[in-house]
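Engineer: Using the hints, position chain B against chain A.
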Amino acid sequence: MDKYNKQKEHEKFRQILASAKVGAPENLRHRIMQQIETEKALSPHSTKRKKERENMLREMAVIFGTMYAILAAMVAGVYFLLGKDFLLSPRFIGAAVLVGSIFSLLWLISRLDSHLRESKKIR
Amino acid sequence: MNENQRLQQVLSGNTSAFAYFVDTYQDMAITIAYRICGNMQDAEDVVQESYVKAFRNLRSFRSDSKFSTWLYRIVYNTAITHTKSQMWIGGREVAMEDASQLADNTLEINMNESERKEIVADVLQKMPTGDALLLTLYYMEDNPVKEIARITGLNEPNVKVKLFRARKLFKEIVVSNYGVQITGT
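Here the protein sequences come in this chain order: A and B. Everything in the first sequence is counted per the working numbering, starting at 31 for the first residue and increasing by one. Everything in the second sequence is counted per the working numbering, starting at 1002 for the first residue and increasing by one.
In short, the hints are calculated from the structure, not lab data. Each residue gets a CB set at the ideal place from its N, CA and C atoms; glycine is no exception. Any given hint could turn out to be false.
Stated by the list, open to error - In silico PhoX-like links for lysine-lysine, alpha-carbon gap of 20 Å or less:
1. B:Lys1169 to A:Lys42
2. B:Lys1118 to A:Lys42
3. A:Lys81 to A:Lys70
4. B:Lys1054 to B:Lys1067
5. B:Lys1118 to A:Lys51
6. B:Lys1169 to A:Lys33
Claimed, not checked - Just so you have them, the derived chain B footprint on chain A, three or more residues with Cβ under 8 Å:
7. 46-52
8. 60-72
Said to hold, decoys possible - Quick partial rundown of chain B residues pointing at chain A, CB under 10 Å, derived from the structure:
9. Leu1008
10. Leu1012
11. Thr1016
12. Met1029
13. Ala1034
14. Phe1056
15. Trp1071
16. Arg1117
17. Glu1157
18. Pro1158
Chain A on its own, in the form it takes in the complex (with noise of 0.2 Å):
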């Protein structure tokens, strides 16, 4: 019994209540799209997302690009002065994989003085 008057006097407070909601304004709905669009035209993070994500890809392709040529260079050079059974001597292998670890020292060097300078930026 006690549930059920419970129950009812809840739902008269929402018979009640009902009639109290403010309603929007019609323009609040435009005003509200004008200025996210305006905010998101203005937002410089989406270029200058693609912008950082674009000077990374060059950095890349610079920096592996001239070790691919090295590479590509010193087969050739070796091909043709010591002949094809040196190209799979330690001696060669060894070279290359220094070459390969001395690029990509580079790389990581260079990704890390741009994400420092990212986070100097910030601050």
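Structural biologist: Relative to the frame of chain A, chain B by itself:
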């Protein structure tokens, strides 16, 4: 299309998909802001600011709660900041002539719709902001106590107690100011 799909659309760059959320929730958002700010001008500014904040931080929204709860929480916090009010401490004094003795458990307002609307608006205006807001959230939007707790930052038992008191106070104000009891016709 459900809300999560619409959110994904907005996140993937379709800004106009956000209009759905404005259309769906702006009435309740402005009701919450109006309860806290007390005037329509500030309420509109608060709602506009809240929607922009929601849009900016959409990536931080986790789908484990309802979008409406998340949005109303932003509206609530923005309105509090805007008015620099303290919701749950003190509150407006309500002039009542020991109405607690008059108010029993019944709730009767037998009158036409516009009169009833006027009375309800006036009573909510006379109530402390927090109490009026709780009644609004609980009865207008059918928010469960759990959602109200998330919106207001109170814990669930606290919401229940405050809701009980708010209902009691609402009835008391109706009786003391209008000498009538509220009923649905």
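Engineer: All the hints need checking, so say for each whether the structure fits it.
Structural biologist: These are the hints, each one checked on the structure:
With a C-alpha separation of about 13 Å, the suggested pair Lys1169 of chain B and Lys42 of chain A falls inside the 20 Å cut-off, and the hint holds. A threshold of 20 Å between alpha carbons decides the hint, and for Lys1118 of chain B with Lys42 of chain A the separation of about 14 Å falls inside it, so the pair holds. Taking the CA atoms of Lys81 of chain A and Lys70 of chain A, the gap is about 17 Å. The hint holds against a cut of 20 Å. For a cut-off of 20 Å, the pair hint linking Lys1054 of chain B to Lys1067 of chain B stands: about 17 Å separates their Cα positions.
Between Lys1118 of chain B and Lys51 of chain A the alpha-carbon distance is near 9 Å, which keeps this suggested pair within the 20 Å criterion. Proposed proximity of Lys1169 of chain B and Lys33 of chain A is supported: the alpha carbons are some 17 Å apart, at most 20 Å. Counting residues of the region 46-52 of chain A whose beta-carbon sits less than 8 Å from any beta-carbon of chain B gives 7, enough to reach three: the coverage restraint holds. Look at the region 60-72 of chain A against chain B: 8 of its residues bring a Cβ nearer than 8 Å to a Cβ of that chain, three or more, so the hint holds.
The closest approach between the C-beta of Leu1008 of chain B and any C-beta of chain A is roughly 14 Å, which is over the 10 Å cut-off, so the hint fails. About 12 Å separates the beta-carbon of Leu1012 of chain B from the nearest beta-carbon of chain A, more than 10 Å, and the hint is not met. For Thr1016 of chain B, the interface hint holds, the least distance from its beta-carbon to any beta-carbon of chain A being 6 Å, beneath 10 Å. At about 8 Å, the closest approach between the beta carbon of Met1029 of chain B and any beta carbon in chain A falls short of 10 Å, and the interface hint on this residue holds.
For Ala1034 of chain B, the interface hint holds, since its Cβ comes within 10 Å of a Cβ in chain A; the closest pair sits about 9 Å apart. Satisfaction of the interface hint for Phe1056 of chain B is found here, the shortest Cβ-Cβ separation to chain A being roughly 5 Å, below the 10 Å cut-off. Nearest Cβ of chain A to the Cβ of Trp1071 of chain B: about 16 Å, over the 10 Å cut. The hint is violated. Given the 10 Å rule on beta carbons, the hint for Arg1117 of chain B holds: about 6 Å separates it from the nearest Cβ of chain A.
Violation of the interface hint for Glu1157 of chain B is found here, the shortest Cβ-Cβ separation to chain A being roughly 17 Å, above the 10 Å cut-off. Because the closest C-beta pair between Pro1158 of chain B and chain A is about 17 Å apart, greater than 10 Å, the hint is violated.
When held up to the earlier numbered hints, the structure conflicts with 9, 10, 15, 17 and 18 and fits the remainder.
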